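Chemist: Listed in order, the protein sequences are those of chains A and B.
Heads up: the first sequence begins at 0 in numbering that gives the first Met the number 0, then just goes up one per residue.
Heads up: the second sequence begins at 0 in numbering that gives the first Met the number 0, then just goes up one per residue.
No wet-lab data here; the hints were simulated from the structure.
Treat the numbers as computed from the prediction; the structure is a model and nothing was measured.
The C-beta atom is built at its ideal place from N, Cα and C for all residues, glycine as well.
Honestly, I wouldn't trust all of these hints.
Claimed, not checked - Simulated pairs of lysine-lysine, DSBU-like, Cα-Cα distance not exceeding 35 Å:
id: 1; chain 1: A; residue 1: Lys134; chain 2: B; residue 2: Lys347
id: 2; chain 1: B; residue 1: Lys157; chain 2: B; residue 2: Lys126
id: 3; chain 1: B; residue 1: Lys259; chain 2: A; residue 2: Lys212
Said to hold, decoys possible - Examples of chain A residues toward chain B, derived with CB under 8 Å:
id: 4; residue: Ala197
id: 5; residue: Ser213
id: 6; residue: Ala214
id: 7; residue: Ser217
id: 8; residue: Arg277
Each chain, written out:
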Amino acid sequence: MSVSVAERPAETEPARHLAWRGWLLDRAPFLVACLMLLVVVAIYGALQKGVFTLDEINLDTAAAMTLILAATGQTIVLIRGGIDLSIGGVISLGTVIAATQFSDDPLTVVMWSALILAIGFAVGALNGLLISALKLQPFLVTLASWSILNGIAMLILPTDGGGVPGWWIGFSYNQILGLASPVWMLIGLIIFWYWFRATRLGITIQATGSNEKSAFLSGVSIARINVVTYGLSGLFAAAAALYLTTQTGAGSPTIGKDYILPSVAAAVIGGVSLFGGRGHLLGTVIGALILTLIGNLVFVLRVSSYWQPVMSGVILLVAVLASSLAEKTARGQEQ
Amino acid sequence: MDLIEVSGLTKRYGGIVALSEAQFSAWAGEVHALVGENGAGKSTFIQILSGAVHPDEGKLQLEGQPYSPINPDAAQALGVAAVFQELSLIPDLAVEQNIWFRREPRTALLTVDGKALRRKTLELFDKYRFPPLDPARELRRLTLAERQLVEIAKGLAKDPRILILDEATSALPAKEAEWLLALTRQIAAEGRLVIFISHRMGEVRAIADRLTIFRNGSTVASHVATAVSDDEIVTQMIGRPLVRLYPERKATATERIALKVDDLRSGSRLTGASFELREGEVLGVGGLQGHGQRELFQSLFGASRATGSIELWGKPTQIANPRHALIGRDGIALVPEDRPGQGLLLTKSVRENLTLSVIRRFTDKGFLSRGREAALVKEMVDFLRIKAGTPEQLAGTLSGGNQQKVIFGKMLLTEARVLLLYDPTRGVDVGTKGEIFQLMRDLAARGYAILFYSSDLPELVHVPDRVLVLRSGRVAATLGAGRVSEEAILRAAVLDEAA
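Looking at chain A on its own, in the form it has when it is part of the complex (with noise of 0.2 Å):
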């Protein structure tokens, strides 16, 4: 008979103190991005007289909002340990048809409005699918319909244009209690995302993105699991797709390629993680508004705009690199 030697030693001081900072260092990448996002602000109020006001806040979550809706989809599907590249093509295809089928009857608009919305999700139920049956990789598919839907959203309006009816492009000037509508969209989203990730969807999606193998072990079905996420995120691009258009006003096929990195990006500066598992739609807002923001910087800075992407780039690696000097941390200590 085999006798083991061990005895659990008490609970001690230390490692309380460990428990606390593991807390900080699981949120490290989300805090480095609220501190971004402040200095950002602290630069942008400084050169900018009225930036700290409310129609500033209406303006900029106006700005930000196709972003934000494209990068919740792309967030949940993080989360799940994916990454969807045919947003891209979900937006653009949205555009195009809003553009070329919207009347100034609100009932058409409505209608295609929800047909959109549909495609969205089929296309991203279907990406899903093709991930689970075939077993390829979630890049390599959603790259694939990307290009496809591309493809269809130029044979159906092949360069920018159309039109959409005057009162749909002024939808983000609507205004409540002083918050335009976008700002209350944003509000939504955030409840939206508290209650989805306290469901038993939200968690099976987190855990299967945390480690797929026990999830099945756990009885979660890997295919549905894939077609819900990648589908969500196909609705979230259509939404974002119908939101764009009432900014722009007309179609684009190529606008959606716009959003594909800088959805992600919004989301990895937010904190989420590419491996999956972990990541929280509030950093993803935060990193969206960065992205937004420095738009707005590069103008009262007066310089030429090619440096937003270098800035953004800089953003990125500042992100990744707090989140990863976390983990490492956080994993040293744990062992």
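Chain A is fixed; fit chain B onto it per the hints.
Modeler: Here is chain B on its own, set in the frame of chain A:
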């Protein structure tokens, strides 16, 4: 009537037959032990029972009804729950979320009811008298032993009619293991069936009513536990009488010092360890769990930050990360604690696992030489008797003992001559254990220097030349030949005044 009855069960993975016409039957209210060497088919068998794997052939019956669960959910719905050896837990979820994963209590808004979740968790802990465990902690912050407790809680939370425990005690400290054994008896007494897999004969003896022996994927025999001797069981397990578990211990240590460690400190657990390891020596490391053994191995391998001085073959060395530790004949190689987590890439082939960290040995002016690689891989597979269909078989499909052998092979191919073995026989069957001990002595005779930690006291008594006993992160005693006994190790581990 039998609660579960299985006959003609067959499962193949590529060219390897994991199960061949296996039979099994057990009734409600008993603890039924499943014993056999690694690779005997036990793991495949319970994976089939729990719905994670589908058999190629065979008849399964649950209470006289055909039983073929399409997935783990279906098995659970029929009251079959498994506590897996390679854990089924989610690292980013809290303990309580893991225990009730996908069966969480919900509010009217369909969100998880946190209060009810906590209450149910504490009730579960209370009902089965669990060792202390914080329900809110994230799983990845837990030790291996704590994770095992969560896995057990997850199984119990399903209130199963058939509870399968796969090596559930191997990761547990002695007190917790005893608790689990008592719990197992209690569950059986409630009229449920516990299928209990363990390599520790003492445990099987202590709790099993009956036992079924597997060998090479087939059922060898079933016995009433009291009607069969240890020798008979071991003989049937390995197909021949076991001559001896522990190899002959010839002193092969030279005067040359391979590894000299002075005042090594890391974190809060390792607080200044000093010792010397000589060429040709097997040096055991013992002590109560959590007294710095893991930190010692991790710091020597460069996986944890540490201060203090380390001399390798007489030269002062800075080991900043595992890559430094690995380099060349003067390096250090580690067999880590957590096989799937740290040692092995389960989705890579045996060949890739063996050669991944030593790829430069097979390159010629920057090009990979497949021939040299194949030759060395074959040599290692033969030398260690790794049971794989081909070197291209995925490591994840090997049995536990064979996975451990692959890790040994990986370590040996680095050519490092200082080897750190952290609990290398955990969850390994008797036959493979014997092979591993013999291998350690053979390597020592060839001039390797081996630092060997084991959670199993008799191993420390019978295998190493000397034993260091750690207490509170320091070397409390060094027990030389003739002075090593279970009692002496425990005494030094527990008492301030070491003998």
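Chemist: Which of the listed hints are broken here?
Modeler: Of the numbered hints, just 3 does not hold.
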